[in-house]
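Dock chain B against the given chain Z, drawing on the hints supplied.
Top to bottom, those sequences are chains Z and B.
Numbering-wise, my numbering puts 363 at position 341 of the first sequence, and it's gapless, one number per residue.
Numbering-wise, my numbering puts 292 at position 270 of the second sequence, and it's gapless, one number per residue.
Hints in this document: simulated from the structure, not taken from any laboratory.
All the pointers check out, no bait thrown in.
Each pair may be met inside one copy or between any two copies, as identical chains are not told apart.
Straight line, CA to CA, 25 Å or less: simulated SDA-like cross-link-like pairs of lysine to any residue: (1) 414 with 67; (2) 308 with 386; (3) 105 with 475; (4) 206 with 218; (5) 227 with 249; (6) 105 with 218; (7) 105 with 448; (8) 342 with 386; (9) 206 with 225; (10) 591 with 561; (11) 206 with 239.
One-letter residues, chain by chain:
Protein chains: 2
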Amino acid sequence: MSGGGGAMESSLIAKHLLLCCLFLVASALAAVAQAKTVHEHWDISYQFTHSDCVRKLAVTINGGTPGPTIRAVQGDTVVVTVKNLLMTENVAIHWHGIRQLGTPWADGTEGVTQCPILPGDTFEYRFVVDRPGTYMYHAHYGMQRSAGLNGMIVVAAAPGGPDAEPFAYDGGEHDVLLNDWWHKSTYEQAAGLAAVPIEWVGEPKSLLINGRGRYNCSAMASDAAAACNATHPECATQVFAVVPGKTYRFRIASVTSLSALNFEIEGHEMTVVETDGHYVKPFVVKNLNIYSGETYSVLIKADQDPNRNYWLASNVVSRKPGTPTGTAVLSYYGGRSSPRAPPPTSPPAGPAWDDTAYRINQSLATVAHPEHAHPPPPRADRTILLLNSQNKIDGRVKWAINNVSFTLPHTPYLVALKRRLRGAFDERPPPETYNHTGYDVYGVQANPNATTSDGLYRLAFGSVVDVVLQNANMLAPNNSETHPWHLHGHDFWTLGYGVGRFDPAAHPPAFNLRDPVMKNTVAVHPYGWTALRFRADNPGVWAFHCHIEAHFFMGMGVAFEEGIERVGKLPEEITRCVSKKGGQH
Amino acid sequence: MSGGGGAMESSLIAKHLLLCCLFLVASALAAVAQAKTVHEHWDISYQFTHSDCVRKLAVTINGGTPGPTIRAVQGDTVVVTVKNLLMTENVAIHWHGIRQLGTPWADGTEGVTQCPILPGDTFEYRFVVDRPGTYMYHAHYGMQRSAGLNGMIVVAAAPGGPDAEPFAYDGGEHDVLLNDWWHKSTYEQAAGLAAVPIEWVGEPKSLLINGRGRYNCSAMASDAAAACNATHPECATQVFAVVPGKTYRFRIASVTSLSALNFEIEGHEMTVVETDGHYVKPFVVKNLNIYSGETYSVLIKADQDPNRNYWLASNVVSRKPGTPTGTAVLSYYGGRSSPRAPPPTSPPAGPAWDDTAYRINQSLATVAHPEHAHPPPPRADRTILLLNSQNKIDGRVKWAINNVSFTLPHTPYLVALKRRLRGAFDERPPPETYNHTGYDVYGVQANPNATTSDGLYRLAFGSVVDVVLQNANMLAPNNSETHPWHLHGHDFWTLGYGVGRFDPAAHPPAFNLRDPVMKNTVAVHPYGWTALRFRADNPGVWAFHCHIEAHFFMGMGVAFEEGIERVGKLPEEITRCVSKKGGQH
Numbered sequence: 023m024s025g026g027g028g029a030m031e032s033s034l035i036a037k038h039l040l041l042c043c044l045f046l047v048a049s050a051l052a053a054v055a056q057a058k059t060v061h062e063h064w065d066i067s068y069q070f071t072h073s074d075c076v077r078k079l080a081v082t083i084n085g086g087t088p089g090p091t092i093r094a095v096q097g098d099t100v101v102v103t104v105k106n107l108l109m110t111e112n113v114a115i116h117w118h119g120i121r122q123l124g125t126p127w128a129d130g131t132e133g134v135t136q137c138p139i140l141p142g143d144t145f146e147y148r149f150v151v152d153r154p155g156t157y158m159y160h161a162h163y164g165m166q167r168s169a170g171l172n173g174m175i176v177v178a179a180a181p182g183g184p185d186a187e188p189f190a191y192d193g194g195e196h197d198v199l200l201n202d203w204w205h206k207s208t209y210e211q212a213a214g215l216a217a218v219p220i221e222w223v224g225e226p227k228s229l230l231i232n233g234r235g236r237y238n239c240s241a242m243a244s245d246a247a248a249a250c251n252a253t254h255p256e257c258a259t260q261v262f263a264v265v266p267g268k269t270y271r272f273r274i275a276s277v278t279s280l281s282a283l284n285f286e287i288e289g290h291e292m293t294v295v296e297t298d299g300h301y302v303k304p305f306v307v308k309n310l311n312i313y314s315g316e317t318y319s320v321l322i323k324a325d326q327d328p329n330r331n332y333w334l335a336s337n338v339v340s341r342k343p344g345t346p347t348g349t350a351v352l353s354y355y356g357g358r359s360s361p362r363a364p365p366p367t368s369p370p371a372g373p374a375w376d377d378t379a380y381r382i383n384q385s386l387a388t389v390a391h392p393e394h395a396h397p398p399p400p401r402a403d404r405t406i407l408l409l410n411s412q413n414k415i416d417g418r419v420k421w422a423i424n425n426v427s428f429t430l431p432h433t434p435y436l437v438a439l440k441r442r443l444r445g446a447f448d449e450r451p452p453p454e455t456y457n458h459t460g461y462d463v464y465g466v467q468a469n470p471n472a473t474t475s476d477g478l479y480r481l482a483f484g485s486v487v488d489v490v491l492q493n494a495n496m497l498a499p500n501n502s503e504t505h506p507w508h509l510h511g512h513d514f515w516t517l518g519y520g521v522g523r524f525d526p527a528a529h530p531p532a533f534n535l536r537d538p539v540m541k542n543t544v545a546v547h548p549y550g551w552t553a554l555r556f557r558a559d560n561p562g563v564w565a566f567h568c569h570i571e572a573h574f575f576m577g578m579g580v581a582f583e584e585g586i587e588r589v590g591k592l593p594e595e596i597t598r599c600v601s602k603k604g605g606q607h
Numbered sequence: 023m024s025g026g027g028g029a030m031e032s033s034l035i036a037k038h039l040l041l042c043c044l045f046l047v048a049s050a051l052a053a054v055a056q057a058k059t060v061h062e063h064w065d066i067s068y069q070f071t072h073s074d075c076v077r078k079l080a081v082t083i084n085g086g087t088p089g090p091t092i093r094a095v096q097g098d099t100v101v102v103t104v105k106n107l108l109m110t111e112n113v114a115i116h117w118h119g120i121r122q123l124g125t126p127w128a129d130g131t132e133g134v135t136q137c138p139i140l141p142g143d144t145f146e147y148r149f150v151v152d153r154p155g156t157y158m159y160h161a162h163y164g165m166q167r168s169a170g171l172n173g174m175i176v177v178a179a180a181p182g183g184p185d186a187e188p189f190a191y192d193g194g195e196h197d198v199l200l201n202d203w204w205h206k207s208t209y210e211q212a213a214g215l216a217a218v219p220i221e222w223v224g225e226p227k228s229l230l231i232n233g234r235g236r237y238n239c240s241a242m243a244s245d246a247a248a249a250c251n252a253t254h255p256e257c258a259t260q261v262f263a264v265v266p267g268k269t270y271r272f273r274i275a276s277v278t279s280l281s282a283l284n285f286e287i288e289g290h291e292m293t294v295v296e297t298d299g300h301y302v303k304p305f306v307v308k309n310l311n312i313y314s315g316e317t318y319s320v321l322i323k324a325d326q327d328p329n330r331n332y333w334l335a336s337n338v339v340s341r342k343p344g345t346p347t348g349t350a351v352l353s354y355y356g357g358r359s360s361p362r363a364p365p366p367t368s369p370p371a372g373p374a375w376d377d378t379a380y381r382i383n384q385s386l387a388t389v390a391h392p393e394h395a396h397p398p399p400p401r402a403d404r405t406i407l408l409l410n411s412q413n414k415i416d417g418r419v420k421w422a423i424n425n426v427s428f429t430l431p432h433t434p435y436l437v438a439l440k441r442r443l444r445g446a447f448d449e450r451p452p453p454e455t456y457n458h459t460g461y462d463v464y465g466v467q468a469n470p471n472a473t474t475s476d477g478l479y480r481l482a483f484g485s486v487v488d489v490v491l492q493n494a495n496m497l498a499p500n501n502s503e504t505h506p507w508h509l510h511g512h513d514f515w516t517l518g519y520g521v522g523r524f525d526p527a528a529h530p531p532a533f534n535l536r537d538p539v540m541k542n543t544v545a546v547h548p549y550g551w552t553a554l555r556f557r558a559d560n561p562g563v564w565a566f567h568c569h570i571e572a573h574f575f576m577g578m579g580v581a582f583e584e585g586i587e588r589v590g591k592l593p594e595e596i597t598r599c600v601s602k603k604g605g606q607h
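The shape of chain Z in the complex, shown without the other chains (with noise of 0.2 Å):
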């Protein structure tokens, strides 16, 4: 149009610049009004609970284990008051896969992010969930996750945006937690790996789905067998119902201390959609092999004879299985079988438990749903290579990174470095490699110069890092564990996947820059290496380590800092450990 246009035409622009300009306020004002504040009012004790029907001291969430489920949708603030009833013990809460974009100290890893938070204070976590997907949350302090202390967190896709689902279910949503659980106390536990000679924990007695698990009360001594109650309601059997013919979405999180596990729904494949919050290329899988810290999200159809019960199985694998299967029913509705009634078969026992090759298939197979592709950045601005080694320090068994077994610092990297207190960490950061052209990963190696350390790695802001994990033999001979790292404040993309040492020269070219799937956690297969990358572009503090609850617990971790000088004032009460005289003491 040009300068001279007519009063009519003024007077159209205008109708239309205002109609446009109303749209724009409109939809801004819907999107004001659709991110709510999700509240959480969470008192933790100490309970007697009955998870597996065997009575044990629990760290609960308003009195139960695992806690509530939070539900939010992408956008929302999501605010946990937790108040620690526990009477002398400490706690930090974690919540698994949301990113804490702004908020790296709500991130509640002790040491790391946060000092714990004392019995009887009150402490405000405060987050965004600005993605959705499928998390979790658990205690991050010690080895208190393994106490009870964990939950799901379901974030729904706000709807019609661009990260809406692309796929459908008509059925509705069922979630699954997965976990393992141990009669003896976590204080047992620590003790006991911190002994010497070391006394592992051992086997878990059950594995639980949604908290629920089966002791079997009559193998137990008769003094003992008092505090096994088969018939304890918090041990019944969960139920998942569905109606026939409809395609529901299970939400599968573990959050096991130990275990990798293989789930399986009889009778009923499932479709993978999800992981970690971000959607894959649909695959179908007969059962689900999941690791410590991961999520899936599975459609399967309601499509089998609906006049008997099917179970829902969580076996062992990677592992030698000392543990039976943990169950749960599928039964449903307006079939002639009792929602309650066990199926008239056995338990799905799972794959092969040494079945690497099944396994890596699976991650393999996992890569990013062509409509929601992120690919990454072409190429890394610093690769870390990272070898896991099994090694013994001043007589106890210790893991350690590039022979290094990681600490947590007294006081909470993120207050000292923005605080630039001196002396509260050790500064030497610590190595970027191990001898990777000669370290036999299939030997026992003798590592002799091991040492403990809690220096981190400090990433320039906004570079690209690709880290590659390195799996190794253990302490004894022919032994190599799967290990599921977890990375905080990040989704990383899942480059490659690989048997035997990794090749720095040969096997980059064949890393996926095509349809990587990210994810916050990722497995390390047995003499295996994974290769992952991400951009360092969240000012903070984050962990990085083995999910497994006492590998970490045994040195099994590096942090990495970047942009601490972007990190926004620090509230007071994440600060509570540290001294005013500085950083150590």
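Showing chain B alone in chain Z's frame:
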């Protein structure tokens, strides 16, 4: 000498003065040289222990329980550097019987005098042991004392000083620390006490002498018996060796969680000479009743047949015993019996557990040594009557004092009062008395309006305070227990004991104002009362409570403030749990 004395005389006077002055200076220097600093460095950690042959996770000092005996001389400064190596649990240590003159922040009472010590923190307790005597230390946080963190403090009299012992012993000293022991963790105990319905801790599994007991492994179920090792060196019977003909001082302390004990040395009469750091008019007993928190010194003469051994025995009294006799062995040097040989007799069974009169008689016999009597002020400025009752509050069984069940504030009183923080605790003072004319101490009472509160008594500085502890029936009919009450920061005069309801008009004239012994812990006997007097002259805030761990946990205590304005600058380290935003949060 008159004013006009000659030069000769002046010179003599000057010489005299000079000599006198030099002597004073020398004395002062000698005193300074004598007072030394005793350093202890303690690592607090969980360790598996076998105190009664059964494996149990205990809170230990430098790996052991009980901890080392602190040995010092009157006037010494004791510095204990405590490093908390518990993984997720805080700690605080109370120096039981040490008055903390000028160092109220070093009393180690969580919630009263300090914030707890966080995991990874190092805290320095520094205080003067101003009086000779037998004392103890133990955790004072939650129910942590029961977990094994305890030990003895032995303060020798300054040689030749005014507090030198009015008795002699040529054989030396033996220390005896009595305890009771459970196999459940203190977490389980505390969770049970707080449960609805209450799950009582029950009778102890074993009685320990110097941390050693002997559980009957063969009585355990097969799977539990694996944790019982009758030949474990940690539960080897303690042997006390004596030289024939010599006289020994046995220092005896009871740190039991629950049990009133009777202690006996088979075949050897005991002459009681000290209690709680005060010399008593010697009296002879066959066996000694000792309540949790009390200490005694007794003299025994090694005048029996040296060719056999003798039992040391501790037996439960006041509660119907459900625990075998705790034992150790007395053995003569040069005798024909092996030191570890069990005596040829059965261990002494002690007096009838319910012979209250027998125990009251010992209380009445315990009066001040005539050369060391510190007569009390003739009258009190204020009298506080404290009725204890068992109550139900919100369905939970509690103990209450004048119908108020005591809770500890989150911000320690000492910090809240010194910093004048508002809202840190209930500022309404607790009741000064109860219905002392009408209350039936022998019947079950409803006490419908019982409440919980963290209010405290504020005492005029320097005033003389009488406290009368009134015992009564519990919730169950025909049941009244012995409660040993311990006052922090003070010794008090024990003015009198009575049976039934205290009458403020009738009973005080019979108070013993002539030679009452001073103590820091005193029993109130079943259905009885105990009167005590102290001067509120130690600036600080001081707990006063039943020394039965479960009873204090259930609310059986009060707190006193006096002279807060005279308290010096608080160390920053005790304030770590205090929010900058104010007392309450």
